[in-house]
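Throw the hints in and build the complete structure from the sequences for me.
Chains as they are written, first to last, in the working numbering: chain X, 16 to 303; chain C, 16 to 303; chain E, 16 to 303; chain W, 16 to 303.
Treat the hints as calculated values from the structure; they're not laboratory data. The structure displayed is predicted, hence computed values, not measured ones. Possibly wrong hints are sitting among the right ones.
As the list claims (entries may be wrong) - Under the rule of at most 20 Å between Cα atoms (straight-line distance), these lysine-lysine pairs were calculated in the PhoX-like manner:
(1) X/K293 with C/K293
(2) W/K293 with E/K293
(3) E/K30 with X/K30
Said to hold, decoys possible - Selected chain E positions facing chain W (Cβ under 8 Å, derived; list incomplete):
(4) T35
(5) S38
(6) N52
(7) V53
(8) V54
(9) D247
(10) L248
Just so it is clear, CB atoms sit at the ideal spot from N, CA and C, and this is done for glycine as well.
4 protein chains.
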Amino acid sequence: MDMEAKSCNNLTISKIIIPTLVSLKKEQKTSLVKVGNVVFGGSEVIVIGGPCAVESEEQLFETARSVKKSGAKILRGGAFKPRSSPYSFQGMGEDGLKLLSQISKETGLPIVTEVMDTRQLELVASYADMIQIGSRNMQNFPLLKEAGKCGKPVLLKRGLMATIEEFLNAAEYILYQGNNQVVLCERGIRTFETTTRNTLDLSAVPMLKHLSHLPVIVDPSHGTGLRWMVPDLSKAAVAVGTDGLILEVHFKPEIALCDGSQSLDLEEFTNLMSDMRKIASAVGREIL
Amino acid sequence: MDMEAKSCNNLTISKIIIPTLVSLKKEQKTSLVKVGNVVFGGSEVIVIGGPCAVESEEQLFETARSVKKSGAKILRGGAFKPRSSPYSFQGMGEDGLKLLSQISKETGLPIVTEVMDTRQLELVASYADMIQIGSRNMQNFPLLKEAGKCGKPVLLKRGLMATIEEFLNAAEYILYQGNNQVVLCERGIRTFETTTRNTLDLSAVPMLKHLSHLPVIVDPSHGTGLRWMVPDLSKAAVAVGTDGLILEVHFKPEIALCDGSQSLDLEEFTNLMSDMRKIASAVGREIL
Amino acid sequence: MDMEAKSCNNLTISKIIIPTLVSLKKEQKTSLVKVGNVVFGGSEVIVIGGPCAVESEEQLFETARSVKKSGAKILRGGAFKPRSSPYSFQGMGEDGLKLLSQISKETGLPIVTEVMDTRQLELVASYADMIQIGSRNMQNFPLLKEAGKCGKPVLLKRGLMATIEEFLNAAEYILYQGNNQVVLCERGIRTFETTTRNTLDLSAVPMLKHLSHLPVIVDPSHGTGLRWMVPDLSKAAVAVGTDGLILEVHFKPEIALCDGSQSLDLEEFTNLMSDMRKIASAVGREIL
Amino acid sequence: MDMEAKSCNNLTISKIIIPTLVSLKKEQKTSLVKVGNVVFGGSEVIVIGGPCAVESEEQLFETARSVKKSGAKILRGGAFKPRSSPYSFQGMGEDGLKLLSQISKETGLPIVTEVMDTRQLELVASYADMIQIGSRNMQNFPLLKEAGKCGKPVLLKRGLMATIEEFLNAAEYILYQGNNQVVLCERGIRTFETTTRNTLDLSAVPMLKHLSHLPVIVDPSHGTGLRWMVPDLSKAAVAVGTDGLILEVHFKPEIALCDGSQSLDLEEFTNLMSDMRKIASAVGREIL
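Right, here's the structure in full:
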């Protein structure tokens with residue numbers, strides 16, 4: 016499948032090649048990806064909420080119970096954290112996974128958590144309902160191959176420097192191993208602009224859905240890096256046609272060990288859910 | 016007024032200085048900018064529609080009558096066109112201005128049109144209700160200064176490589192000359208991604224409104240360069256909080272001399288207006 | 016003339032169209048551009064030196080005499096300055112041009128100075144030996160057209176986010192008006208990296224010389240924004256095959272009104288000239 | 016250690032924090048990194064040559080013997096290849112490592128080869144004299160940690176959209192585990208420009224050496240993606256002060272399974288070595 020974009024002056028022609036397994040065939044609809052009883056790719060806009068990192072039982076459990084009440088369908092939380100600096104908090108490891116599993120049973124929320132290392136994949140997959148491959152690992156090809164064999168649905172985040180074509184080829188690695196339960200996530204790209212942490216590329220949502228049958232969600236927390244801006248971009252993501260959102264929520268953002276500056280507090284999240292329901296309705300979708 | 020954005024790891028601190036005349040003071044609301052009887056900055060989301068370039072009486076008049084009927088409040092159309100290549104159509108010049116003026120009288124739509132040269136400013140201002148300064152001239156300082164003295168409201172488009180800080184400083188040039196009737200326009204920035212013509216930076220809308228009192232509108236036509244994608248991003252722009260949109264509409268996009276590939280046809284524009292009204296309502300705004 | 020760059024995986028094909036007047040024909044050599052008795056495009060690497068802005072007689076004259084002594088062949092100095100902020104020093108205007116003219120007569124150095132406005136072009140051209148069109152005006156098409164008619168050689172700087180193709184099309188505007196005395200200048204592009212003011216794209220030198228017959232020079236002062244780094248990148252520019260350099264030199268960088276942080280002092284410039292001569296010789300060129 | 020870059024107008028201040036183990040202390044010189052009897056960081060500019068991927072005995076051995084003869088001090092060759100598409104050649108695996116080991120014994124050239132997976136590290140380290148961590152894995156933190164414990168020197172390539180600060184933090188991960196034998200490699204960053212595969216950021220060389228004590232080398236093959244441009248940028252890299260180069264060389268680039276379009280043939284490499292020796296001499300360095 017080829018896609019061409021011509022500029023006004025016919026000076027530039029971009030031709031990209033979409034690999035076969037992820038490409039959208041004629042008459043095809045968005046594929047459904049199931050995580051427990053949650054379904055990505057249908058009319059419902061799925062919201063994933065939770066803290067950047069699992070920090071403690073209290074932090075995780077209070078946050079989880081609250082996001083569940085506000086309408087989140089999946090719980091997020093990192094146990095193994097990719098951090099730019101070796102001196103930053105690196106995550107609770109398996110203890111974090113155990114806490115996630117415990118609160119998942121209590122609340123009924125499936126959990127999604129990141130895996131960074133092929134050696135951890137079996138361990139993470141034994142606790143998680145959905146495996147997350149983060150931006151920095153979007154082209155970690157051995158990890159993509161293993162994720163293709165792990166038997167769990169995969170949330171694949173776009174690399175902060177990845178073209179649409181590279182993103183879809185990364186997903187192809189997973190499908191090529193026999194796992195077609197992949198959800199794509201736009202989470203902001205790196206540009207020259209520095210007032211926001213990244214530049215959230217919302218045009219990636221219709222573009223990915225134009226080229227591929229995989230569901231696409233948006234991460235406005237990393238996309239902006241700014242807590243006060245997250246609601247506006249979340250609403251825009253629903254309007255642009257996203258199949259879901261992943262949002263950082265913390266019961267006390269001020270004391271978060273990671274990404275506090277971009278995490279919503281519990282009340283902000285509740286209000287945002289309510290606002291997003293109106294937009295979803297305006298575009299013929301729903302947030303239950 | 017200072018604005019700080021800290022990354023997760025406290026490794027990067029961006030500090031920008033917002034110049035005084037454009038900066039948002041405490042308790043201040045968005046300023047109102049009036050173009051004829053149209054007001055930017057209130058609860059109404061203003062839609063500007065029309066062709067990229069004025070090409071002929073038939074093309075302009077048919078398009079203008081139709082966008083008026085669908086709810087556009089201002090007519091756009093270029094008479095002097097900035098084109099990357101000297102071999103591309105450069106615009107009809109004053110003849111184009113005359114056609115714009117004629118159809119403006121008939122329809123009652125105020126007109127906005129681009130000026131590229133300090134020597135043309137008086138001429139353009141004698142026909143136009145609002146002067147547009149395009150992306151390539153965002154840092155054409157003599158032109159900004161003259162626009163500050165011309166007595167007409169100014170639509171200032173963000174340069175395709177301009178930071179938020181540079182954009183606000185460009186606006187400051189205009190206000191500094193005594194003209195505070197300025198509307199800012201996000202129209203896509205240049206990034207590494209090539210499947211879209213530019214990357215529409217919707218986070219610029221809340222950021223600009225956070226830092227400045229000036230109204231902010233969005234141009235999804237240049238922002239995406241792709242006709243089929245314009246409706247999705249237009250809806251997202253309304254959801255994110257824009258004060259208006261500027262959209263390329265052509266009665267026959269297939270034969271347009273400029274930007275046909277990103278222009279909506281008359282029916283697409285009508286449908287989009289209807290869809291945007293629902294979103295506007297969902298965010299407490301209105302499109303009349 | 017077409018140019019194709021294929022990636023390793025055949026996933027991306029970039030095809031650009033080089034406009035006819037600037038394109039390099041088979042067997043063609045670099046064109047010679049003459050500024051007074053100075054020739055760009057031959058075996059000599061031409062060095063342009065001088066302050067960012069003309070600030071005073073003492074500043075300009077001391078700097079000019081010194082750069083002449085060290086081997087600079089052309090004097091630079093801005094009288095009309097494009098500044099991001101309206102509150103920054105905007106240049107001395109015609110008084111600056113007069114000082115430039117005066118010291119040019121004394122030293123015998125031709126002068127190059129920037130023009131920002133079509134209305135100033137005649138004035139600037141009456142003093143200058145070479146007209147500079149700055150980065151922010153690379154796509155100021157009315158200015159390019161006038162520069163094509165002004166009868167003086169033109170130094171055209173690459174826009175800070177201009178592609179090679181856009182850069183060559185901008186030059187085409189000048190040649191199209193009958194002026195083929197154009198020198199191209201790479202001066203750094205805008206990227207995500209913030210430790211340097213811009214990212215100096217030295218690959219642009221062989222690329223431009225591969226595609227076009229116009230001479231190409233490099234501006235490491237704006238390209239890096241860091242005084243201590245200018246010598247290293249200047250030497251690299253000579254090694255990569257530049258036809259010249261334009262360097263900011265100030266008799267007292269600490270008190271410069273503009274760009275002091277990237278200006279060499281007189282001694283640094285002298286030392287750099289000596290170092291560059293060795294590199295020039297190593298690549299079969301010369302700095303006299 | 017802090018580093019500040021102020022723009023002309025004092026509008027932007029970038030402050031980055033260099034982590035402690037990699038940072039350059041006062042009076043400190045570049046550290047020496049030893050690979051067999053080859054030393055990075057002294058007056059000699061070390062050239063690494065060889066094919067992108069090991070493809071066959073004939074291809075590797077002929078290329079290796081030739082680059083040795085021309086003055087290369089280390090042999091490169093990939094056995095495990097990171098490829099954007101799952102349908103591209105993925106490398107010969109351990110068979111490739113065995114061929115590398117065999118020709119290393121014959122020629123006396125130490126070998127550097129890439130590792131992509133923590134599970135492969137022990138295997139790769141048992142054959143290689145130097146471990147390469149590629150651009151796509153620059154922030155593969157588990158791999159960095161293991162590389163810090165593997166007992167072999169590490170060649171760490173800059174991510175194609177990594178800031179200088181992120182690059183140095185990635186190196187810190189390795190040193191933090193007790194391995195200070197790290198060489199940094201600039202290999203081009205991703206920008207908006209598409210005529211070259213990447214934009215080689217030669218200013219990164221003096222910047223990294225200004226901030227860190229680690230040796231820095233340059234990869235003009237990936238930096239440009241264009242075979243004909245590699246010599247020019249290689250010479251520029253020597254002039255800018257690099258401690259070494261890594262170059263793709265293939266006995267028959269036309270039939271290479273990977274990166275043929277950016278690989279030098281044997282004669283081109285020989286000629287380039289000769290040209291670089293002159294530049295090295297002009298900047299007080301040497302290529303033996």
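Measuring from the C-beta of E/V54 to each C-beta in chain W, is the shortest one below 8 Å? Where the cut-off is 8 Å and the nearest Cβ of chain W is about 22 Å from E/V54, the hint is violated.
Checking hints one by one. Is E/L248 an interface residue toward chain W, by the C-beta closer than 8 Å rule? With a closest approach of 6 Å, the E/L248 hint holds.
Is the interface hint satisfied for E/S38? The criterion is a beta-carbon contact with chain W at less than 8 Å. Not OK, violated: E/S38 not within 8 Å of chain W, min 14 Å.
Given the hinted pair X/K293 and C/K293, is their alpha-carbon gap at most 20 Å? 9 Å, holds
Are the Cα atoms of W/K293 and E/K293 separated by 20 Å or less? 9 Å, holds
Interface hint compliance - E/T35 to chain W, C-beta minimum distance less than 8 Å: Violated, because the Cβ-Cβ distance from E/T35 to chain W comes to roughly 18 Å (cut-off 8 Å).
When the nearest CB of chain W is found for E/V53, is that gap smaller than 8 Å? 24 Å, violated
Does the structure keep E/K30 and X/K30 at a Cα separation of 20 Å or less? Holds: E/K30 and X/K30 sit about 10 Å apart, inside 20 Å.
Holds or violated: the hint that E/D247 contacts chain W, with Cβ atoms closer than 8 Å. 4 Å, holds
With 8 Å as the cut and Cβ atoms as the points, is E/N52 at the interface with chain W? This hint is violated: E/N52 lies away from chain W, its Cβ roughly 28 Å from the closest one there, beyond 8 Å.
Going through the hint list in order, the structure does not satisfy hints 4, 5, 6, 7 and 8.
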